[in-house]
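Participant: Take a look at the letters that make up each chain.
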Amino acid sequence: MAIVINRREFLSRSSMSAAGLMLGSGMTDPGSGKKPDYSFDIMNEVMKYRKIDSHIHVLLSPAATAEMQIDFADRLGIEKLVISRPVVKQDGPHQDFRDSNDMMIKAMKQFPDRFIAQFTLHPKYTKESLEEIKRCVDQGMVGAKVYYQVKINDPLYYPIIEKMIDLKMITLMHSHCQLGLGGYRMKYDTRLNPNTSIPEDFIEVAKRYPEAMIQFAHICGGGDWEYECKAFKDYPNIFVDVSGSNNESNAINYAIRYLGEDRIFFGSDNCYYQSVSKILAADLTEVQRKKIFFGNYNNVLRKGGYNVD
Amino acid sequence: MATMLIDINAYVGHWPFKQLRHNTCPDLLKVMNRFGVDISVISNLNGVFYKDTQAANEELFNEIRSDKRFKNRFIPFAILNPIYAGWQNDLEICTTRFGMKGICLHPLYHDYEITDPACVELVKRARDLGLIVTFTHRIVDARQRSWMDIPKEWSLKDIMPIIREVPDAKYFMVNAANSMVVNDDDTDLLRRTNILIDTSGRNLTNLGEMILRLGKDKFAMGTHFPILDYLGGILRIESLRENEADGMTKQLLRSGNAGRVLSL
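Respectively, the protein sequence lines represent chains G and P.
Start counting the first sequence at 35; every next residue gets the next number (the numbering used here).
Start counting the second sequence at -9; every next residue gets the next number (the numbering used here).
If you're looking for bench data, these hints aren't it; they were derived computationally from the structure.
Only true hints are included.
A short, non-exhaustive set of chain P residues, derived as facing chain G with CB atoms under 7 Å: (1) F25; (2) Q134; (3) R192; (4) D219; (5) L221; (6) I224; (7) E228.
Just so you know, even glycine gets a beta-carbon here, dropped at the ideal spot from N, CA and C.
Here chain P stands alone, though its shape is the one from the complex (with noise of 0.2 Å):
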């Protein structure tokens, strides 16, 4: 019996700075079927450089829907600008028109504070509706970043304020790619919250010590792919060793938490 796996964390769409291959849903579903990926999450990276963020959304609902075997096997998310007008209108139509389950927020690249009054009516808004909330520490790599690219990036502890703001939010964390180190009242904070740290990002060299720390319920799997290759963070979750997860942990890793949170 073939294993499940769900990428809580890939993208189509293009990255102006550098040609991204497989950015597409006819080639991301080749790429899963070739890795055995069953579900990915899907956000448009078109969203993050459009100031009118909903073209994007209306970019992938339109080619989600051009091929009957998209379905069943991408869940996309909104990007959507909360300082940008008409915002709720957007989630609106995100929600009821395009079936979109979460919303992912990008205030480095649409400059804004992450505790913005905007920015928190609209996580909150997402949690009335039940909608996933998607942060990432970063897109790409600042180093090897283009002279137009912006040169910041985040960790854990520049998420935490929103966390703190609404806690009861379902939120995704993905590509931890710097410190997920915070202070022990966010951490206990962390492990009450309904969270997804998925284990694409370069800073979970110690998944088994992380999933002590946080719960085995905080992490699942995701590629952050087309930026990064497809294969780290399946790799991150099947390299565990049985004293750092166990099968049933492994099957949360690969599934289990992103089937519960996701709703399936």
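Just chain G, same shape as in the assembly (with noise of 0.2 Å):
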């Protein structure tokens, strides 16, 4: 049977019934904790902020459309989505970057309202990664997004983050800080990618080039954000964004305790509720909260005119 609880009744009701829950016998006195009469509308909270999402993939598989991603994003308000498709295997021939880029521009000029791509390399192929630059940003794509092929320190990405400082454009470096990875938190096999980017990588490569603009990827995916906000604290070209599954109480006010409220972009890496509820629970101004959504990464691409306002 169907019980749809009406405030009212409960309120009622509850005054015996729920002292009766922990007091057993003789407490009649239903208290002063009421709940205030009102709801908080958190669709109206949700649309209220414009949105760009600074960190979401398209056809990563089959099922995971473009046309996916935009009813996800108008359920949730968001503007603009920074879309990209790096490729996963270890050691793939250059035209599978270029291939990815072709599906990423296909979908841009599907949604050009919506999405904002960025193109993916290998730094191995330097010859072919700078010429797919080019191609790609002459078609109109935005940024780089690259994984786990390399480390973003490792030399061969130094003419890649040269460019991208010529572009002004961001570079979205897949990443991680958690057991399996790094120094001692190897012999912790977790079977992670031991060239996928650590914290100390960042930090190696924006005192090298303290003009690169580096985005050390979702931050609330799993890793442990807490270690990650406090080594990036002295690195005002390292930014973060809060995309991930993983949307613990606490990190984006820890985010800017550390980091400060200007570092930081909202991003969902495809797990869209969360990338949200985590923004507006925090404890934030408005000020905060609309540089979080949209403010900050807006700002990253005024930096290049590339600014979606």
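Make the complex out of the two chains shown on their own, each in a separate frame, by following the hints.
Facilitator: Following this line, the structure appears as structure tokens:
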């Protein structure tokens, strides 16, 4: 039998029943802990903020279509999506990366008002990668999304990063920070690719290239976000996106404490609901919320004239 | 008229590997008021790590009765360990003196199999007493775990064995963080079971489809707070479109199903 509880009915019944839950007989005072009689209109709050999803993928599998991402974005009021399709094979031919970029170009042209497409590449193909950057930028792509074939601080990346500095574009690198990666933590076999970039790798390249803009991916994607935020405190050209499925409470406030309010980007990494809820639920000012949802990433785009407003 | 919301999955207490905020009754009540939640089912996380879990249940009982504001807003559940001495006595105290309406079991942290005879016995006793039995896929994401924390997490199929053993108990399954796929026989069993799955879990991306598969009487709002952010579970419900969940179904998810199983 379905029961729909009306709050007024509940409150009229609850003074005895709820007290009886806890304290047995004799407690009849309903207490003064009544909830304020209003509802938090979460969907109104969701739709109040302009949003740029700084980290989302399209067509990583056949089912993950562009239309599906747009549908989730519409549901949650996400205006712009920075899409990419990284190649996850450790050693693929350059053509694999070019094919991925072609798919993103096609998606971007299908939804030009919604998608900002990032290109991907393998830095071991230096010449081909630099040519690919030119091709992709000519097609309107903005930013690089790179993966774990090579660590971000590998010298193979130097010409790529120098090119990205020229273009005033950001580089989003897949990353991790957990047991199984880096130093003594390698003794824990968590089956992660050992070439995955860790915070120390980002710091090394950020120090070498202070003009570069480097985005550490998904601090809420399972990695130790406390470690990550503390590590990046003194490196203003390292940005983080708070995408990922692990929407731990306090992650956003912790990130602001160590990184400030200007280096944090909203992102989903295709984890839609929690990507929005964690920012709405955090103890933030309106200005901070707007910055994280939209302003910070737009300011990065603005450096190269790619801003969306 | 404000909407009624019941959270079937929240906590007070400490997590040894990370500082939690809003993890006391006063602070949790403020968050509930901020976001419009009427009632929270809570257990004391300290019980996950105390060898003698009853100390955590006593802490919870004492905290709730310390302030008259709490008794209408919190429903306490006990954490019990069926392979630790004295659990039978603890169960009696929690139900008769503390008025607790359910129990939370943590086999992964307390190091026993979910079909351990002691666990089956406890679930049967809970059934006979009309108590709800809560299991969770995980408390925290194992990927970011401390070096001292356990590496293992569950999925729905890991919880099914106890449901097969005691199909007529009442269950909460919370923080659906991993696979919710089970075979057809288990899907049928779930449809017949008096179980609520809370909406805090990351694996409920397509809640509308899950409602079609298992039934609109099988889900209830949950936050898994203060481990997870307070609004994920609420957002999964409120963002459902009319063709996925009509107004009546949303009311069931918000509070109706929880009220039924909790006998409010």
